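Engineer: Chains as they are written, first to last, in this note's numbering: chain A, -6 to 287; chain B, 6 to 619; chain C, 533 to 712.
Certain hints may be false.
[Unchecked claim] Each pair of labels, with its calculated beta carbon distance range:
(1) B/Leu547 <-> C/Ala655: 51 to 59 Å
(2) B/Lys182 <-> A/Leu282: 34 to 42 Å
(3) B/Asp568 <-> A/Glu191: 21 to 29 Å
(4) C/Arg579 <-> B/Asp539: 52 to 60 Å
(5) C/Ile698 <-> B/Ile32: 53 to 61 Å
(6) C/Glu679 <-> A/Pro32: 31 to 39 Å
(7) B/Asp539 <-> C/Arg660: 32 to 40 Å
[To be verified] List time: in silico DSS-like cross-link candidates among lysine-lysine, alpha-carbon distance up to 25 Å:
(8) B/Lys534 <-> C/Lys677
(9) B/Lys533 <-> B/Lys372
(10) B/Lys533 <-> C/Lys684
No wet-lab data here; the hints were simulated from the structure. Note that the structure is predicted; figures quoted are calculated from it, not measured. Backbone N, C-alpha and C fix where the C-beta goes; we use that ideal spot for every residue, glycine too.
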Amino acid sequence: MMTIIRVAAVLLTGFFVGLTLEGVSRKIIARIQRRYGPPWYQNFIDVFKALSKNGITHGWIFDFGILMALGGVIATLAFVPLGDLVAFPGLDNLFIIVYLFAVGALGMAMGMVGSGNPNSSIGVARALTQMLGYEIPYMISVSAVMYYYKTASVSELMLSQQDSWTLLKMPLGGIVAFISLLGMLGKKPFDTPIAPAEIASGPMVELSAKYMGLLMLMHTFSIFVEIGLFVDIFLGISNYWTFLIKFTVIWILATLISSVLPRFRIEQVVKFYWKVPLGLAFLQALFVLLGWVF
Amino acid sequence: MIPISYLVLVFLFGSVVSYLITKANRIVGAIFNFLLTFYALFVLWNLEIGHTEKLFSILEGVENTFKVSSLGKYFSIISLIVISLVSFFIIEWIRKKPSRPAAFNAFVLIMSAGIIGVFFSNDLLTLYIFWEIAVLGSFLIVPMGKEDSKKAAVIYVVTSAIGSYMYLFATFSIYNKYGILEFDQVSRFLLNEPSNLFKWFIILFIASAGIAKSGIFPLHTWLRITHGNAPDAFSAILSGQLVKMGSYVLAISLSVFPSTKLLASFYSGVPLLNYILIWLGNISIIIGTFMAIRQNDMKQLIAYSSVANGGYILVGLGVMNSIGYAGGLFHVFNHAIAAAMIFLSFAAVVYRTGTTKIDEMGGLIWKMPWTFVTYLVGIISLAGIPPTSGFISKWMIFNALLTKGMFVTLTITFIGSVGSFLYVFRPLAGVFLGQLKKKHYEVKEVSPVMLIPMLVLTLLTLFIGVYPKPVLDFIVSIENSLGIKPIEYSGTIIKTSLGQWDTLTVFTMFAVGFIIALVLYIIFPRGKKVELTDQYTGGEYLFNYDLYHYATGFYRFLERLYDKHPSFEKLYGMLVSFFKSMGEIINELFYKVSPSGYVFWISIVILILFWVRW
Amino acid sequence: MANHERNIWEKIADQLRSKSLWMLHYCTGCGAIELPPSMTSRFDMERFGMGPMATPRQADILFITGYLSAKTLRRVIYTYEQMPEPKYVIGFGSCTLNGGIYYDSYATINRLDYYIPVDLYIAGCMPRPEALLEAFNELMKMIRKGEANGWKQYKENYDWYKNNQIRSLGEVLVHDEFHE
């Protein structure tokens, strides 16, 4: 029973905080561009408007793909500890979260390509390639952390940082994870898969109405998973509220960085990730093996 | 219950019977094959561990025997599951293909006899004999596929011979030195062996048979050609089963001869020899992954993925701690099932469309939905995504590498894992999703006879993904018998030193998430179903929607980064042409037909004779 | 056009729709140049929740700037039919109203709402961004009141619109890339 309440709490937090922060980030970008910007609740309106329209579908795989995407991401989010709010204590293994996350990604990719539009196939091909780019340095830097604390459970990783934050202990790993985080979020300069002016918003090209709304929800939840993991692993012990504060700070930082950068081409993304962050991640792993941790 | 030796004999005689029956009626012959393999699965399932049978004695002082070990039983059951289900598939498939059905059925049974013998051999020589029987059977089936397949068969048998002769050399060296060949005794003698060089030589040469068979670098090139050109349904056995014979030999060379006890530790408890093998596995993962991303032929694509997965198994086995070894063994099961599913769904596609090129197909999901489901679950398992069984083994291997602190190997396994998302998606998008080609409008789903084995495998991999206890029980008994600390698990919770996870909770949570999504989906207005050709085209009218399908050069932007990669296939090709030209020189010199040549050689010989004054 | 009574859910939905209008701009004429200032810092369309979208599937408004030739009209109709309902059309500039300066051209059409239902026109040559924003506000009010019903009209009078379209564009006899 408690588990159900906790899962519900996690999901509702993901929904409200996630959508609010997306609206806030639009506001911030607007302010950087010297505009007034939409209200903070704009994304709630967008989601529900999209859900209220009468869309079109390209057959069962299109529908099923979107359900699988949203279902997979909801399942993933339930395993992410939000500070001291842990839905499944002891079962929040990092590998599980990372790979369960792939269910959602696969569902989205499958549904979108199932629409039969080549633009979405190109977008998905790019998204997968980009994944090959950012996932490797991210996993190495996180593995160094796991090796150091001898556990793969996210909440235990968080609780192990009593003396100081992992970010301060392993600054290189933290930087690598943050750069990879930008790629995961699909923020500029790593928004090649969605490139609206180039491939008509990539995977979403055939998405209308309800389908768009469900996918926006999925996007919100996945942002929550990605940043939530970063906050838990690198930014010290936090309870529910400090978790949200740290989350907001990271999200705004990512927004600020992305709003002033142009877009990489896809092979530049892979080259970049496999040069700089991967090298730094290996350096960090070497430091951890040698015991050079602050 | 009949003894194993009789079972092998039944298979060998059954092959003759099957040949005759298939000559009369193809389908009855295929049904006979299925019943026999299914019966064998039943027999093997009920075997007791430790059961021993005497066979014959070729070398002095060596009794050739069968002995049921847990390792052999595990491998043989996986093999027979794959073979019997593929045989069921063949009942329908054999109506159109292959070119010589009678021989095909007979050789499948000969091969199965060899396989059963391999897994229950108690000494190196018996293993070799049955190994060659299995190779013979499969080698003769391969040429029944496409045009290139004769060449493929030659490459297959040559590569296999390199491995097995090295193995035979090691076997005779052991016999020469100790006079025994049984696994237990050999490992006992090796423990007392003072020379490190000899131990290295034995383990490496025995492992080389496995390396050749499971397509590990540097003997990986045969997989693409053979898997790609073999008869379609047989590719499932090749990749799902025969490659696993190689993994079995690797497991024997690393664990039955306990490499961690034989050799000094090199890096956190792993000997240098294992480390070298792990690196061969790493290179295989890299090659398999990146070459699979490039392929346009779907069978060759999955063949390269077999290279990568063979690498995974070797990495897992090579680490040789409790969790890594378990991961390697579990991966044997997962890859066998997943590869069989994928190749069977490809066989179904080829059965209906007659092509294996990804960019010649598209949108087949609308015509063959169940085949698509099989392929989908197969790739989810192959890519190691929960809630299928494929994730469990990958998780174990990651955990093992992480506890050992092997970061470079860990990176490469991550590359292999993420890369597998890329390459499995290529046939998914190119063959099953996207625009349906005009020439495939009339394609129908394959018949239930073909669907049943595919769906059985699908359910099996989902079931083991949620409830892995049956496989874990096997692995624990194997690890117990080999003196490795068994992995811990209780119910559906698997534990390691790095934490635990519960397969059932993950599955339940996924189901809950799916239901939440479904509820949201249902309460909001229903979407209007439109045609597949009703597409956003930037306002343009299209008439040939065949072209509105993105499948050619799917990852071209990524492939461009490693277009100029060094290729071992080319290197071996150069070697082949070098030997060919050497042969031609000799031919030119010694076998010249013209009289002047003979006069020249006679004069040379006479000159030499005079010179040595004989 | 009989204005049927909206139920409570439709009223809420209309409120939401009016506050989040996603726009597909079909820019063939000179009017396109008025859009950038209305999107960027000076007039900032996003504060009303509006934004440009890449494909008709995601869009709510079809925004047509400038004249339409017979060739582009086909694309507009095609695009309009791909949009999910409810959908709104804004005709921008005199060209969509009465042909503008091209009123006597053999190749352009004069009135857009013979072919697809237009909810709102912005007169002028060119209308300035202020007029644009005024029009958007007007459209939002219309949506909130349930008056922007062009998409329903199109469904109800589909034959009439189709006849007009065919009369003007001609029946397509040869089905290939060059004739339709």
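Engineer: Quick one, are B/Lys533 and C/Lys684 close enough, alpha carbons at most 25 Å?
Structural biologist: Roughly 16 Å between the alpha carbons, so the hint for B/Lys533 and C/Lys684 holds.
Engineer: A range of 34 to 42 Å was offered for this pair. Does it hold for the Cβ distance of B/Lys182 and A/Leu282?
Structural biologist: 40 Å, holds
Engineer: With 21 to 29 Å as the target window, see if B/Asp568 and A/Glu191 comply at their CB atoms.
Structural biologist: 23 Å, holds
Engineer: At the C-beta level, are B/Leu547 and C/Ala655 separated by a distance inside 51 to 59 Å?
Structural biologist: Because 36 Å falls outside the window, the suggested range is violated.
Engineer: Is it true that the C-beta distance of B/Asp539 to C/Arg660 lies inside 32 to 40 Å, as the hint says?
Structural biologist: 38 Å, holds
Engineer: 31 to 39 Å was suggested as the range; check whether the CB atoms of C/Glu679 and A/Pro32 agree with it.
Structural biologist: The hinted range 31 to 39 Å is violated for C/Glu679 and A/Pro32, with Cβ atoms some 24 Å apart.
Engineer: When you check the alpha-carbon spacing of B/Lys534 and C/Lys677, does it fall within 25 Å?
Structural biologist: Since the Cα atoms of B/Lys534 and C/Lys677 sit roughly 30 Å apart, the hinted pair is violated (cutoff 25 Å).
Engineer: Do the Cβ positions of C/Arg579 and B/Asp539 conform to the proposed distance bound of 52 to 60 Å?
Structural biologist: Roughly 35 Å apart at Cβ, these two residues miss the hinted range, so it is violated.
Engineer: Could you grab the alpha-carbon distance between B/Lys533 and B/Lys372 and see if it respects the 25 Å cut-off?
Structural biologist: Satisfied, since the Cα-Cα distance of roughly 21 Å is no more than 25 Å.
Engineer: Can you let me know if the beta-carbon spacing of C/Ile698 and B/Ile32 is within 53 to 61 Å?
Structural biologist: 57 Å, holds
Of the numbered hints stated above, those contradicted by the structure are hints 1, 4, 6, 8, listed in ascending order.
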